[in-house]
Amino acid sequence: MEKITLTVDHSILTNARKAARKKNRARFMNKMKKNKAAVAGGIIIALYLLIFLIGPLLAPYDPYDVQLEQKLQAPSLEHLMGTDDKGRDIFSRILYGSRLSIGVGFSAVLFGGTIGTILGLIAGYYGKWIDSIISRILDIMLAFPGILLALAIVSALGPSLINVTIAVGFFSIPMFARIVRGSTMEVKKLEYIDAVKTLGANDFTILAKHVFPNILSPIIVQASMRLATAILSAAGLSFLGLGAQPPSPEWGAMLSSGRDFIFTAPYMAMFPGIMISILVLGFNLFGDGLRDALDPRMKN
Amino acid sequence: MTLFILKRLAQIIPVTLGVTLVVFLIMQMIPGDPAIILAGEGASTETVEELRENLGLNKPLYVQYGEYVNDLLHGDMGHSLKNKQPVLEEIATRLPITIELAFYSILITIVLGLIAGIISAIRPYSIIDASFMVVALLGISLPSFWLGILLMYVFSVQLQWLPVAGWDSAKHIILPAITLGAGGAAIVARMTRSSMLDVVNQDYIRTAKAKGLKGYVIIAKHALRNALIPVITVVGLQFGSLLGGTVLVESVFAVNGLGRMIVDAIRTRDIPVVQGGVLVASLIFVVINLAVDIMYRLFNKRIDLN
Numbered sequence: 042m043e044k045i046t047l048t049v050d051h052s053i054l055t056n057a058r059k060a061a062r063k064k065n066r067a068r069f070m071n072k073m074k075k076n077k078a079a080v081a082g083g084i085i086i087a088l089y090l091l092i093f094l095i096g097p098l099l100a101p102y103d104p105y106d107v108q109l110e111q112k113l114q115a116p117s118l119e120h121l122m123g124t125d126d127k128g129r130d131i132f133s134r135i136l137y138g139s140r141l142s143i144g145v146g147f148s149a150v151l152f153g154g155t156i157g158t159i160l161g162l163i164a165g166y167y168g169k170w171i172d173s174i175i176s177r178i179l180d181i182m183l184a185f186p187g188i189l190l191a192l193a194i195v196s197a198l199g200p201s202l203i204n205v206t207i208a209v210g211f212f213s214i215p216m217f218a219r220i221v222r223g224s225t226m227e228v229k230k231l232e233y234i235d236a237v238k239t240l241g242a243n244d245f246t247i248l249a250k251h252v253f254p255n256i257l258s259p260i261i262v263q264a265s266m267r268l269a270t271a272i273l274s275a276a277g278l279s280f281l282g283l284g285a286q287p288p289s290p291e292w293g294a295m296l297s298s299g300r301d302f303i304f305t306a307p308y309m310a311m312f313p314g315i316m317i318s319i320l321v322l323g324f325n326l327f328g329d330g331l332r333d334a335l336d337p338r339m340k341n
Numbered sequence: 006m007t008l009f010i011l012k013r014l015a016q017i018i019p020v021t022l023g024v025t026l027v028v029f030l031i032m033q034m035i036p037g038d039p040a041i042i043l044a045g046e047g048a049s050t051e052t053v054e055e056l057r058e059n060l061g062l063n064k065p066l067y068v069q070y071g072e073y074v075n076d077l078l079h080g081d082m083g084h085s086l087k088n089k090q091p092v093l094e095e096i097a098t099r100l101p102i103t104i105e106l107a108f109y110s111i112l113i114t115i116v117l118g119l120i121a122g123i124i125s126a127i128r129p130y131s132i133i134d135a136s137f138m139v140v141a142l143l144g145i146s147l148p149s150f151w152l153g154i155l156l157m158y159v160f161s162v163q164l165q166w167l168p169v170a171g172w173d174s175a176k177h178i179i180l181p182a183i184t185l186g187a188g189g190a191a192i193v194a195r196m197t198r199s200s201m202l203d204v205v206n207q208d209y210i211r212t213a214k215a216k217g218l219k220g221y222v223i224i225a226k227h228a229l230r231n232a233l234i235p236v237i238t239v240v241g242l243q244f245g246s247l248l249g250g251t252v253l254v255e256s257v258f259a260v261n262g263l264g265r266m267i268v269d270a271i272r273t274r275d276i277p278v279v280q281g282g283v284l285v286a287s288l289i290f291v292v293i294n295l296a297v298d299i300m301y302r303l304f305n306k307r308i309d310l311n
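Protein sequences appear in the order of chains A and B. Note that my numbering has the first sequence beginning at 42, numbered continuously upward. Note that my numbering has the second sequence beginning at 6, numbered continuously upward.
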């Protein structure tokens, strides 16, 4: 009798998967490109990231160099954004400060997003009492008006930029956890998860390799939205003197010291404020577009 | 409905307890020995020990928490480490100012937000709509503490119409209330617009038009009523950021409310005052959320929140 051998050409499967991914990516890019506001937001973010990367190289002066004889000079060709009360070049400080202000926002969202995602995956996948406990903890965290929880944490840990990052990240946890929990509950009902289980995959593999990649869209949308809030909150805490400490050129802290000179040198507060506002505007525009393209259900 | 309210009331008990637990744990999060930190640098060993004894820091954590909740139930939030006054008294003098500020701010949020949102929705994709939505987007993106400084610069420094800071007269309220309410107004405007646009495409609006009803009757009687449902939730959520926002706005305009009290207390590491302030603000938030849920239910009988 003729022997039958069954061979599966894996390259066909891999290619099909690649093609599907490519198609999805093309569809996403198409949607994003059509959304003018999202493109504008993307350009703004790209410019800020450029400042983040090469800003300090472009700075004409040392941002910490105190030159009292040059203090409170209005914007000029020599000092594009003027000088502050200690004679430091505001433009150079803004360029250096980008690393702090943008860095804190990203770190906080990364911190809150990671913990929130893990909690959401566990709650959504295991359900039952584990879900109940995690959900109640999230309820309690959501019972605090965001920045107040951050204030409470900073009050205990002490004022510093790192503690502000932890605090702002902490109050982002429930937002991520809730969305991930909901998405995980949906995905775990799908047939392919049963298939993977039957093949003997353990929970970690299922969550990390099969559930997580499928719930990335809402996580990315949430992250882009949270970045705006995180940057605003971190700058706000530094403005209150609870984050970056002098002489740090963090934008919120610069704004705070500029407030005292609003009568004599209003530009001291204007430029850091403009920088924060445009960045947040960029994330809001981009986040809206991303939401419409990736996860239209979140619109309302 | 009564059952729903009772259930919802029962739900806030564990949340409230959780809030007290988190606020209690703030003290435990202090790195190092809280007694030494609370007593301040250079305090003698006796003072530190006395403080440790007074605060019950020698006892097990669960006993400390039990005592803390028991004290709270008796209206005792401890004493300020700086001026030794009861924290509750301090809060009682500061809270009315914050409530007044929050009241006017939410009024601005609702009135400005609704008007802009409705006008935008009536004339979608027009110049008016576009300009309102650009302003709304700016409103969401401007940090309140910067907007406050900008308004202060224009209206107090340049035009000299309004006072720079303080809380003595009606004039003092205008700038802080606008600063605090602007972000919320922007969100409400966007929400009202999209919600109205969703509603005006519904069949019953077409029916109302076909019946020959006048435009404003359709808007006021049919569209707005249904469009307002999601807006109520947004307004409710705004209370939270509003309460948080008071911290920043009160600091910008030197308003002696609850928010500024908390910030000043953090600066001087007056932990009992921070705990009391954060606790009261959060409990207010919990109650407001409850009220919003109930209102949502009243407005939208189709939704079963049970």
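Treat the hints as calculated values from the structure; they're not laboratory data. It is possible that part of the hints are untrue.
Unchecked claim - Quick list of the computed label-pair ranges, beta carbon to beta carbon:
#1 B:T52 with A:L118: 54 to 64 Å
#2 B:T52 with A:Q286: 20 to 30 Å
#3 A:L118 with B:D173: 37 to 47 Å
#4 B:K12 with A:Y167: 22 to 32 Å
#5 B:Y221 with A:N71: 52 to 62 Å
By construction, the Cβ of each residue, glycine as well, lies at the ideal position given by its N, Cα and C atoms.
Compare the structure with the hints numbered earlier in the document and write down the numbers of the violated ones, lowest to highest. Hint check: 5 fails alone, others pass.
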